[in-house]
Amino acid sequence: EAQVTQNPRYLITVTGKKLTVTCSQNMNHEYMSWYRQDPGLGLRQIYYSMNVEVTDKGDVPEGYKVSRKEKRNFPLILESPSPNQTSLYFCASSLDSFPGPEQFFGPGTRLTVL
Amino acid sequence: AQSVTQLGSHVSVSEGALVLLRCNYSSSVPPYLFWYVQYPNQGLQLLLKYTTGATLVKGINGFEAEFKKSETSFHLTKPSAHMSDAAEYFCAVSSYNNNDMRFGAGTRLTVKP
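In the order they appear, the protein sequences are chains H and X.
Heads up: the first sequence is residues 1 to 114, going by the working numbering.
Heads up: the second sequence is residues 1 to 113, going by the working numbering.
No wet-lab data here; the hints were simulated from the structure.
Certain hints may be false.
Calculated lysine-lysine pairs in the DSBU-like style (CA-CA distance at most 30 Å, straight line) [as the list claims (entries may be wrong)]:
{"#": "1", "chain 1": "X", "residue 1": "58", "chain 2": "X", "residue 2": "112"}
{"#": "2", "chain 1": "H", "residue 1": "57", "chain 2": "X", "residue 2": "49"}
{"#": "3", "chain 1": "X", "residue 1": "49", "chain 2": "H", "residue 2": "71"}
{"#": "4", "chain 1": "H", "residue 1": "57", "chain 2": "H", "residue 2": "71"}
{"#": "5", "chain 1": "X", "residue 1": "68", "chain 2": "X", "residue 2": "58"}
Bear in mind the structure is a predicted one, so any value in this text is a computation, not a measurement.
When you get a sec, could you build the whole thing from the sequences and use the hints?
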């Protein structure tokens, strides 16, 4: 089944404890991105990648890192999480090297930082 | 830069009534426009999209939207609401060879029996 998977789906952690949220797609898509969703703000892009080894900042990159060593994987790294990073995170992928005409979204990861 | 404005963070309708969710966009190039739906505790599901061609776009679950360039709008409609339509709806804009997709703040739809 063609899909974007994320792990974990739920995570509660404490301030400063490094964590990684994994994202994988099995559709051979070029473009991958990370968003965070907060009430009243919709989805905001954190980072995106147009291809392997090519990543760039989105609108809210502070406090996050990413890497794209393989085409299928795009992990999101929080080196020192803080409470303001408590959010719902979505990974997405697209066939071409940009998000249009369609992005496929993962199921989301709900992160709580205490 | 592209942007999306969704008018109304909450919309409430009665079962069987018309659903109208409003979306206005800003784009200096021909836009791709999208409506996504998010059911409670789930990810985003594409309802419909406009890229080129026919301006009236039909999607899943009886929803449709019309691209009106002169009004920079892409409102979502459904003639008769079902209880199962209760969810949050997001409008989004992108374009060819553009590196990001911009989302609106979302509209939560409530359907009353």
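Against the structure, the hints:
| no. | hint | verdict |
| --- | --- | --- |
| 1 | 58/X / 112/X | 24 Å, holds |
| 2 | 57/H / 49/X | 26 Å, holds |
| 3 | 49/X / 71/H | 26 Å, holds |
| 4 | 57/H / 71/H | 18 Å, holds |
| 5 | 68/X / 58/X | 15 Å, holds |
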